[in-house]
Structure formats: C-alpha cells, structure tokens
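Chemist: Let the hints inform the model, and build the full structure from the sequences given.
The listed protein sequences derive, respectively, from chains A and B. Per our numbering, the first sequence starts with residue 1, numbered consecutively. Per our numbering, the second sequence starts with residue 1001, numbered consecutively.
Among the hints, a few may not be true.
Taking lysine to aspartate or glutamate and the EDC-like style, the derived pairs with C-alpha atoms no more than 20 Å apart in a straight line are [to be verified]:
(1) B:K1073 <-> A:E268
(2) B:K1094 <-> A:E268
(3) A:K415 <-> B:D1069
(4) A:K415 <-> A:E426
(5) A:K350 <-> A:D448
Residues on chain B that point at chain A, a partial pick, calculated with CB under 10 Å [to be verified]:
(6) E1021
(7) N1034
(8) G1039
(9) K1073
(10) S1112
Honestly, the hints are just simulated from the structure, not real lab data. For every residue, glycine included, the Cβ atom is placed at its ideal position computed from N, Cα and C.
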Amino acid sequence: MIKTLSIVVLLMNMSPVLLASETNLIYFGGGGEPKDALTTQFDETARGLGEFYKANKNYSTTVSFNGGHPVTEGIIKDKFKGAKIEERFTVSSYKSVIQETIEKLSKNPPEIPEGGKILIFIDSHGGEKSGKTHSISTTAAALTNMNNVSDGTSASLDALEELTKLAEAKNVKLAIVDGSCHAGNSLPLANSKTCVISASGPKHYAYSTFTNAFVTQMKKGKNLEDVFLETREQLNGLGFPMISTPEGMSVQDEIYPALTPYMYYHDEYRGMALDKIDDYFRENNSDEQVCRREKEYDSLKAVLSLIEDINMVEKKSFFSSKVKMQKTVDLDGLRKKLDEYKKTQDDYIKKLRELSSTDLDKVETIKTDFYTTGTKYTYREILSTDYGKLIEGKDRDLARSGLPDSKRENLQRLKEFYQTAQQTKERLLRENPQFVKQQQLFDQLKSDEKVSFQVASGISHEAHTAYNAYYKYKQKQLKGLENPAPNPCRDFVL
Amino acid sequence: MKFLLVVLFSFQAYSATPPKECGTFAFTGVIEKNQNATGYSFVTDKGTRSEFNFPISDEDELKAAPYIDRPVKITAKILKPMTSFQGKFDQIEKFELVVPDPAKIKGEPSYSLVKKEKCK
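Modeler: Structural data, given as structure tokens:
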C-alpha cells in the first residue's frame, strides 16, 4: 500500500517534467528598438504572454526576447520565472533555440513526443517578403527602415522551415504566431501540422492591438483558431490578420489582394516613412494597371455583396404575410469608405498619368561666392521652396534698425544665396516644366489627410466585419465535407 | 469645485515638460519667421502649454529653407539640458515633412528621445 502510494506521489511529482516536454512555448522578439530607451513597444504583450505562462506552468518555455531595455528585461524576468531565458534576442540565440528544438524532435525517443505541442510566439519589427518568408529585427540594431529589415542583424523566419517539416513528420503540433509587421509572409510555413497566424497581411504594417489582444485571449482549453477569431473581433488599429486554416486562406485570397491598396497610407514612425502609397501610385498608373485596379475593385465589391447576401435572414412582418429578407451583416459603412478612398486615389493616379515620369530625387548643389561649399538639395526640395518669400523675409530683416554690421552682412549673404537658389529653380522649371506639377502632387500626398492612417485604419476596421462574417460562412461550408482538410490551428488546443 | 480641480489637473498633466536628458531628439512642429527678431524659429504645439521654441541658426536656415511654414519633423542633437521651453539645437540631422495632427488624434508627443547622449 505504502509502495503504491509512493509511486503515485513520485509520478505526481514527475508529471510536470513529463508534461514539460509535451507542451512547449518559445518566445522570440523585442528587437529593432532604439538603444538607450528604457522600454520597448512590446512590453504590454510581454506582460500578457507572461500571464499565460504563469497560469500554464506545464509549458516548457524558452525566451529569447529583447536585451538592452531595462523595463522590458524586468518584465521578462518577472513574468517568466522558471523559464529558460536567453540574455539577448540575436541571430545566434534565435538559431540556437530553433536548433535545440529540432534536436528535441530528432532524438530517439524524441523529447517532444508524438502529439506534443510547440507554440512559437514572435513579437518584433518585421520587413517585407525576403526569401520564402520575411525577416524580423533582433536587438543587434535599431530599426532604420519600416519596409526592409533584411540585413546581417535580422533573423529570417525561413529558419523555421526545417522545424515545420520535422514537426509534421513527427506528428507534433506546431503553431507560429507572428505578431510583426508584414507577418502574412510567414503563412508559407504552414502545413498539415503547423498553424500560422499573422498580425497583418504580407504587404501591410501591423499598426494594431493584435498581439496584446491575442495574448489576452489565450486561455487553457481554447484552440488557436478561436483565439484568432476572438482577437480579430476586438481589434483596433490597422492590419489584416491572417490564419493558415482552409477557411482563412480562402477568405484571405478573396478579400486581401483587392483590399490591399485601400489599407495603404502615408505616415511616419520614429522618423521612418510608413509609406507604401507613393510607390503604389508610381507603379500602378499604366493603362493596363489602371484597368486591373478597376477589375479588382469590382471583384471586391462583389465579394462584399456576397457576404451580405449569405448572411440575410427571413423576417416576418406582423402586418403582412410576405417574408422580407433582412441583413445581419451590413457592409455599407465599408463600401462608403472604400468608395471615398478609391476616388481620392483615382484622382492622384489620373494626375500622375498626365505627367511624365521624372526623378525629383536628383541632387543639385547651390553655391555662392560666400557659401563656396554649397548646400545640397533634391530637386523636390528646390521646387517646393518659396524663395521669393525667403528673399522678402531677408529684406524685412535688413530693414530693421540697430542691427550690428556683422549681422547685416550675414543677412545680405543669405539673401544672395536665396537669389541664386531662385535662379536655379527657374532653370529647373525651364528645363523640366512637368517638375512642378509632379512635385506638388507628391507633396500634397504627404500631407493629405485623405491619404492618412485614419482613413486606411477606418477601412481596415470595417473590413474586420466582412472577414469575420465570411470566415464563419466558410466554416459552415467546410463542416459539411466528408474529408475536410487538416486544420492544425483548430487542433492546437492551449 | 471637484470638477474644476480635475480639469486643472488634467491640463497640468497634458502640458509637456522640457527634456531633461541630452541626445538626439525628434521634434514635430513648424519653422516660422520670427516676428520680433531676424531669422526663423522652430515651434512645437504653438499656443499650448507644450510650446517649445528653437531659434534656427543662419547656417541651419539654408537647410531648413524648403521646410519653412510646413509641418515638419526635425531630428536634432541637444547637448545641454533644456531648462525652459526655449531650446537650442546643437546639430540638426534631418528635416522631414509630416502629416499634420493638430488635434493629437494619434496621441504622439511633441518630442521623443531617439538616442541618449551625455550632456556637455
């Protein structure tokens, strides 16, 4: 009796160790933030994921996150007590954690058994597509370009491909939650055992509450598909979260490509351009491209109408025997916002088409007898400067009484510089009359509130309703199939 | 009375304080012609309790010329701690046009520290 009890007690004590290899959490990210800052933009999500870890100690957890930002480091130490914590998130620590996990799966018997789970949570700055997926920032360098983070200091998510293949072969459930910008580029990592969830589409920034909301929704017993859908329902900001389920892939294919230009905008973050609209206009103003744009817009409107139609319900009237159809999903708000933004974009494209392609980024050095080294300006800067007003300002300054001679001399030299610059501007205009119009157009674009984050995020927000309703419809459709496709996100129960 | 105190407190909390550290900062504002002096100044949050004013030197004025009277972000070094809302740029690194956000919809501050450095 005592012997049996001892064995039971021993097994109970051992169970966390056994479970630890069955359920695994890996947390990567926190890179690309400015050095010398105390905090990072990833702190809130780190706290939230830490709460999940605290409540689910059966997860054998490895953290390779941040390093160099005291507040963030403090959160990691406090919330992930007992986890294996790497000092800094670097390319080397990232690769070493992946390699360790591959080894755990490769051992005979494997340390992560068949049916086991690995959840990889990524929260860092992410760039546009590079390789098969995309790259994310590490702590080796502060981010300098919001679109491209692929350099020697970034970590490519391509490195996870071997792990996804091995997990599939070993029948281990793998989930990759990519909370970075352009995270939709991680979806190619999905397979029959790997669920991939992204905070944004491949062509968009994840300027939203996605990761914070996602970790809040992560609760024991929930599957990742439900966590994703609940997160999407309460999302704020701009982004187009994606999931690799058959339903998700289908909805995303039908909505995302056509919606893409209407979630572009012009803004900036920490001095870096958050800009895809300039390039979109530059690259989409040929006859063929304009024609394709119209077709894509028509297809988007058709999908929106379909989503409304499939969500109609019959409504009986008290006064009439006739049955009326009533909308349960109303996308009029989205349509209105799309129409308005499309019109704004069409106006820009039309004007651009009227102008020939010119390079406003060419540089000209303006010199005078005094300023012999000269000052470099782009054509764009020269053409957008009102030198007449500057000269007038100098005349007003020179008319002031009581100025010391040295100051007066300096004002005169500045005035002469602006007069030379004015002549340069006139020459550029004579040689390239189309410059002014094109420059005005792009300058107008940069400060046009009709092409701002508010407009694009408004569309992104309204589009959630369409996505969620269409997703639920696809779920019902696929439920009826005899041999449904694998759904590793639904199978991944926390 | 209670309401008034809350309102007053809120205004106090809203007004920005001058940066105490030194280093590279990003300020958002407008470069304007000085009305009572020669030259130009860069002004943030004009007319509010968070208004900062930085005179533009003659040398910097040439680089600033294309950005005068337009919403702009200036990335600049400040190497002496600011004691008032009148500051001095020790070195301007970059001028960039920005989308105006006068109502502070995005809730972004007038300035942010890009890189900390020791004060001189």
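Chemist: All hints, please: hold or fail.
Modeler: So, going through the hints one by one against the coordinates:
1. This hinted pair checks out: K1073 of chain B and E268 of chain A have alpha carbons roughly 10 Å apart, not beyond 20 Å.
2. The straight-line distance between the Cα atoms of K1094 of chain B and E268 of chain A is roughly 14 Å, inside the 20 Å bound, and the hint therefore holds.
3. Distance restraint check for K415 of chain A and D1069 of chain B: the Cα-Cα separation of roughly 18 Å lies within the 20 Å cut-off, and the hinted pair is therefore satisfied.
4. For the suggested pair K415 of chain A and E426 of chain A, the alpha carbons sit about 17 Å apart, so the restraint of at most 20 Å is met.
5. This hinted pair checks out: K350 of chain A and D448 of chain A have alpha carbons roughly 16 Å apart, not beyond 20 Å.
6. Interface restraint check: E1021 of chain B against chain A, minimum CB-CB distance 9 Å, threshold 10 Å, status holds.
7. Interface restraint check: N1034 of chain B against chain A, minimum CB-CB distance 9 Å, threshold 10 Å, status holds.
8. A cut of 10 Å between beta carbons decides the hint on G1039 of chain B: the least distance to chain A is about 7 Å, and the hint holds.
9. Look at K1073 of chain B: its Cβ gets to within about 6 Å of chain A, closer than 10 Å, so that hint holds up.
10. Interface hint status for S1112 of chain B: upheld, as the beta-carbon distance to the closest one in chain A is roughly 7 Å, under 10 Å.
Every hint from the earlier list agrees with this structure, and none is contradicted.
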